[in-house]
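K.L.:
Fit chain B to the supplied structure of chain A, relying on the hints for placement.
Here is how the chains run, residue by residue.
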Amino acid sequence: MSVKRDLKTKLLTINMGPQHPATHGVLRLVLELDGETVVNCKPYVGYLHRGTEKLGENRTYPMALPLTDRLDYVSSMANNIGFCVAVERLLGIEVPERAKYIRTIMAELTRIANHIVWIATHALDIGAMTVFLYSMRDREWILELYEMACGARLTVTYPRIGGVRADVDQEFLDHCYKFTEEFPKRVEQYETLIDQNRIWLQRTKGIGVLTAEEAINLGLTGPTLRGSGVPYDVRKFAPYDAYDKVEFEVPVGKVGDVYDRYRCRMEEFRQSNSIIRQCLEKMPSGYVLAADAPGYDMAAGPRKKPAQPSAPKAEGAADTPQPPANQPAEQGPAFEEIYVATEVPKGELGFYFVSDGTGKPYRMRIRAPSFVHASALPKMCEGSLVADVIANIGTIDIVLGECDR
Amino acid sequence: MNEIFGTLGLQNTSFIFQLLIVLVKIAVVIAVTMLHVAYATYFERKVIGHMQVRLGPMRVGPHGLLQPIADGVKLFFKEDIIPTAADKTIFQIAPLVAVFATLSSLAVIPFFETFYIANINVGILYLFAMSSLGAYSIIMSGWSSNSKYSFLGGLRSSAQVVSYEIAMAFSLVSIMLMAGSLNLVEIVQAQQQYWYGMYLFPQIVAYVVFMIAAFAETNRTPFDLPEAESELVAGYFVEYSGMRFALFFLGEYIGMIVMSSLAVVCFWGGWTIPPILTQLFPFLSNIPGIFWFIIKVYFHIFLFYWVRATLPRYRYDKLMALGWKILIPVALGNLVVTSIIKYIF
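Protein chains in written order, with my numbering: chain A, 1 to 405; chain B, 1001 to 1345.
For reference, chain B alone in the conformation it holds in the complex:
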């Protein structure tokens, strides 16, 4: 390989080679994620459809399999409307920020043992940073649309994200304590010390807090107040149309994947399976890790859909009360208990 680059007159070939690999990885991750998002909408509509005694999309292609593509094409060719009163620059940037923040979160997720774009030592912090960045897109779009409904949606979201991020951070701090690292790959490997191979059981409280906060972070039911369909029509993106609207949608679904992946990595042992299983059934170790990872992520995504089909929407003040009065104290208590146990043993 070096010779090929050499003949092309390139020095420092290993660096370029590395760069190429990273670029290919990025391309693969983005491509897979985009395709996945398209079919996550299909999956959602099918799952919720069957939960609601109907079939979901059935018309486009066999069992509606081409529906996401039709939707994508429709959104792509729709007229892009910018309200005259809107702040144009911010209005245009906001959806990009939404997608950028969630897409770049994917960079640190270890899909399996050797496949990650970046294996950095502050993985969890980076994820936090990126997910809070997502709130900016909501505030920006809410503000710049110059519409009262989007404005209310934007304000609700900023309050929501600020309160739930704390609970989420505290729930993950106990994971950091358990693993002694912020590196996601190391967190997964640390979970192999248990025979059940996951932090789910010792950290069940943190897991519950994390999942509730994840629902709030991704603005999914029952915490979909910023876009509360019935009150605020569509909330912060009420003025968006066409591809810009699709970008918000994309952001939400990638956010769901990121949160599910984070839950899988931190609580479900990532791409690994419980060691007890590989001891009992040695053939299981031949199955690539990505398989387990995807199954676990899809379980969580299914959970998102399931909850959406089941629960009504929280009211704004109750949501705040839940975040500040219940989740944060519980997460803090869990953190204290974890630290004490860690210190003693």
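One chain only, chain A, in its complex shape:
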């Protein structure tokens, strides 16, 4: 289409956010529009900055744990686990088997809960309202499971460095099993609502395409990367907790558009469900907290392994597991730098610690997947329509609490 040269036109700059129903929090996008086409898209972050990294430096490792709940408030359990796994590797704490399995169950429940929130908001943004309520109904189930395990629903702080806070009871396991039996049917319900819907396909196919190369270069992780066909998953490549003991597939897409990422996450529902199932079946008995788990006030100085490892003290302990008396670590960690990544629902959540030997990290850096994903927005949005911006924000599954930290 030719444009009349003497006709003076101007791009329309609109501020999408920080207060906008579809930017999933306080993301601000400055869009330059030529009609309905996005010419320029600039994401601005930082409206929810709470200084989590700095706060972490002023607290001992166990005291910094509740901060991680507030990162990605949709999947707080996964953040807790990510933090704990990182600190455990820094301190060299061996987690009891049972705690590993419980954590894996919790991480996967969280993945399901997170993807539920994702499909709910993503579909709502695209206009399919009913999916929202169907999926939120099922999220409630997971929150009830959380509540059963630790009493909290959203900011759980259930995992501890060296295990989990309390053992789960049989009632939890039974409910969890019931959930895994029922949940695949629920996923089918969501799919019935949108999977073959022509409008849904029109809105998602060929939108926000990222090739594998582009996705890797942008540093994307998680389902957002896997949608482009890269089978990268921390759970497979650097297994933690019980992930090396369960079997699961890493679903990948082909084209790398919104639809592929949607399919990836829908498939992850099923994979997570199967992981929970396997964990429930293999769940060993035993302690849920390592004997050398650090107390809240960690002292300075290089850390030594306790003389007595955290083995059960009696033969019959496996039948009636009694948590060992918590022995606060007398010493802090060694001088060390460590980066440990875990696969949270959004992607790769990394914790980078610089330890100066005290009980507090000298530097705590959080690699937040949402922050990295937000940087992919210009690439995805430029040249597309305003309506696609919404689809793209939905597809990268961004939570600003994590993005701004």
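Just so you know, the hints here were simulated from the structure itself, not pulled from any lab data.
None of these values were measured; they are calculated from a predicted model.
Accuracy of the hints is not assured; some may be wrong.
To be verified - Only pairs whose alpha carbons sit at most 27 Å apart, straight line, appear in this in silico DSSO-like list of lysine-lysine:
{"#": "1", "chain 1": "A", "residue 1": "Lys254", "chain 2": "B", "residue 2": "Lys1318"}
{"#": "2", "chain 1": "A", "residue 1": "Lys282", "chain 2": "A", "residue 2": "Lys185"}
{"#": "3", "chain 1": "A", "residue 1": "Lys254", "chain 2": "A", "residue 2": "Lys236"}
{"#": "4", "chain 1": "A", "residue 1": "Lys10", "chain 2": "B", "residue 2": "Lys1148"}
{"#": "5", "chain 1": "B", "residue 1": "Lys1318", "chain 2": "B", "residue 2": "Lys1342"}
{"#": "6", "chain 1": "B", "residue 1": "Lys1318", "chain 2": "A", "residue 2": "Lys10"}
{"#": "7", "chain 1": "A", "residue 1": "Lys245", "chain 2": "A", "residue 2": "Lys282"}
{"#": "8", "chain 1": "B", "residue 1": "Lys1148", "chain 2": "A", "residue 2": "Lys379"}
{"#": "9", "chain 1": "B", "residue 1": "Lys1088", "chain 2": "A", "residue 2": "Lys10"}
Stated by the list, open to error - Computed far set for chain B versus chain A, every beta-carbon distance over 12 Å:
{"#": "10", "residue": "Ala1027"}
{"#": "11", "residue": "Lys1046"}
{"#": "12", "residue": "Gly1049"}
{"#": "13", "residue": "His1063"}
{"#": "14", "residue": "Phe1076"}
{"#": "15", "residue": "Ile1090"}
{"#": "16", "residue": "Phe1091"}
{"#": "17", "residue": "Ala1118"}
{"#": "18", "residue": "Glu1165"}
{"#": "19", "residue": "Tyr1314"}
{"#": "20", "residue": "Tyr1316"}
{"#": "21", "residue": "Leu1319"}
{"#": "22", "residue": "Val1330"}
Yeah, the Cβ is synthetic: ideal placement off N, Cα and C, and Gly gets one too.
P.N.:
Below, chain B without anything else, positioned relative to chain A:
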């Protein structure tokens, strides 16, 4: 009656009497419609609620029955905010136009055989005129708010209404051909020639086109782009609050009633029921026509809600493509086929 007026010193009493009747009719129609709109929102929330595994309003009154009244009172007493940068006059007129256009459309709708405010010979044209007038309110509000979101919403709507009005007009032209009239009462009566008493079956293509266009005309999901909640926040009425906002809402719901009534009148035989039914079950003819009319209208309104609970939103360019590349050719083709068949038989 004439004597009463005579003693009051009024000449030409039959004219005044007629005028009074019309005024009463208008009052009745408006009152019923307003009450209906209030409860149409309740009905919508209940229907969509139950489709979405929840209950809808339950708190105000038994089963939330007083919810619409509470909402109305709330909106009425809300602060009326006019943005400082807005064009005040147009900003204030726009919601009135929205309600005016849809309310005056009701004038030609025959609710039953003897109840209509005006039985004019260009009924369908009048409805078209009024429904296009509604687009002005959207453009005016979008422009005068001086907000980019409302501006985009207003522009989207003008494009949408222009494209879908054509498809809608073509679908109704075939009805005009079938009935040989633009008068809505005559269109209803003409449908009685079939044993099934409606144009729905011979004109099923036109009906589908009409319904899709009606969704677009009333800015309902999946064509609610002008007010696309997630993209444009609320679209053209994003800057409105209180009663002015309520007027837009009112306009939308009355628009839905008008479109449903038009569909019922043109395709479903209006207040009549299929002659075959009255022959088989003679007692059905004792039921007043308004009953059938309301049932049919409510079916269509339910359809609006059902679609809203089911479908995602179209994207702007796809919406245009659907209107121009599919609906208009289909409606035109249907028109040609109808004309040929009409000519031969």
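K.L.:
Next, verify each hint and record whether it holds.
P.N.:
A quick look at each hint next to the structure:
Restraint check for A/Lys254 and B/Lys1318: the C-alpha separation of about 24 Å stays at or below 27 Å, so the hint holds. A distance of roughly 23 Å separates the Cα atoms of A/Lys282 and A/Lys185; the hinted pair therefore holds under the 27 Å criterion. For the suggested pair A/Lys254 and A/Lys236, the alpha carbons sit about 20 Å apart, so the restraint of at most 27 Å is met. At most 27 Å may separate the alpha-carbon atoms for a hinted pair to count; A/Lys10 and B/Lys1148 meet this at roughly 13 Å.
For the hint linking B/Lys1318 to B/Lys1342, the alpha-carbon distance of about 34 Å lies beyond 27 Å, and the restraint is violated. Pair hint B/Lys1318 plus A/Lys10 holds up; C-alpha atoms about 25 Å apart against a cutoff of 27 Å. A threshold of 27 Å between alpha carbons decides the hint, and for A/Lys245 with A/Lys282 the separation of about 9 Å falls inside it, so the pair holds. Proposed proximity of B/Lys1148 and A/Lys379 is supported: the alpha carbons are some 24 Å apart, at most 27 Å.
Between B/Lys1088 and A/Lys10, the direct Cα distance comes to roughly 25 Å. Compliance with the 27 Å bound is thereby established for this hinted pair. At roughly 37 Å from the closest C-beta of chain A, the C-beta of B/Ala1027 stays outside 12 Å, upholding its exclusion from the interface. At roughly 14 Å, the least C-beta separation between B/Lys1046 and chain A is larger than 12 Å, which holds for a residue marked as non-interface. Non-interface call for B/Gly1049 relative to chain A: violated, since the shortest CB-CB distance, roughly 9 Å, does not exceed 12 Å.
Every Cβ of chain A is farther than 12 Å from the Cβ of B/His1063; the closest lies at roughly 19 Å, confirming the non-interface assignment. With a least CB separation of 25 Å from chain A, B/Phe1076 remains clear of the 12 Å interface cut-off, as annotated. Distance check on B/Ile1090: its Cβ is at least 20 Å (rounded) from any Cβ of chain A, clearing the 12 Å threshold; non-interface status holds. Remark: the non-interface label on B/Phe1091 is consistent with the geometry, its nearest Cβ contact in chain A lying 20 Å away (cut-off 12 Å).
In this structure B/Ala1118 is separated from chain A by more than 12 Å, as the shortest Cβ-Cβ distance comes to about 38 Å. Remark: the non-interface label on B/Glu1165 is consistent with the geometry, its nearest Cβ contact in chain A lying 21 Å away (cut-off 12 Å). The claim that B/Tyr1314 lies off the interface is violated: its Cβ sits roughly 6 Å from the closest Cβ of chain A, which falls inside the 12 Å cut-off. The beta carbon of B/Tyr1316 is not kept farther than 12 Å from every beta carbon of chain A, the shortest such distance being approximately 5 Å.
For B/Leu1319, the non-interface assignment is contradicted: its Cβ lies about 10 Å from the closest Cβ of chain A, within the 12 Å cut-off. No Cβ of chain A approaches the Cβ of B/Val1330 within 12 Å, the least distance being about 16 Å, so the stated non-interface status holds.
In this structure, the hints that do not hold are numbers 5, 12, 19, 20 and 21, in rising order.
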